[in-house]
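The opening position of the sequence shown corresponds to residue 226 in our numbering, with each subsequent residue numbered one higher.
Among the clues, some could well be false.
Quick list of the computed label-pair ranges, beta carbon to beta carbon [claimed, not checked]:
(1) LEU281 to GLY245: 16 to 26 Å
(2) VAL268 to ILE247: 10 to 20 Å
(3) GLN230 to GLY271: 16 to 26 Å
(4) GLY260 to MET226: 29 to 39 Å
(5) GLY271 to ARG231: 18 to 28 Å
Calculated from the structure, these hints are not laboratory results. Only a predicted model underlies this, so the values are computations on that prediction, with no experimental measurement involved. Ideal Cβ positions, reconstructed from N, Cα and C, are used throughout, including at glycine.
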Amino acid sequence: MSIVQRIALIFTIIGAINWGFIGFFNFDLVAAIFGDNSAISRVIYGIVGICGLINLGLLFKPDAELERTTQAKPTR
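Taking the hints into account, I'd like the entire structure generated from these sequences.
Structure (structure tokens):
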């Protein structure tokens, strides 16, 4: 997993926790910190959305790694 994917995964997890707060407690952490419907909160929501799109690649990565490991090097 590349560093970009790790950072994207961290932002996606933080976004998921925020959605959990919204769903269970009706509390938007991003809006509470940066202001409701402010420009910075919209930027943060956009970054989390882009990170979610980056993480879509993780769904298909295990198959690619599996194919790479099945082509083992010949032993002597």
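| When the hints from earlier in the document are held up against this structure, which numbers fail? | Failing hints: none at all.
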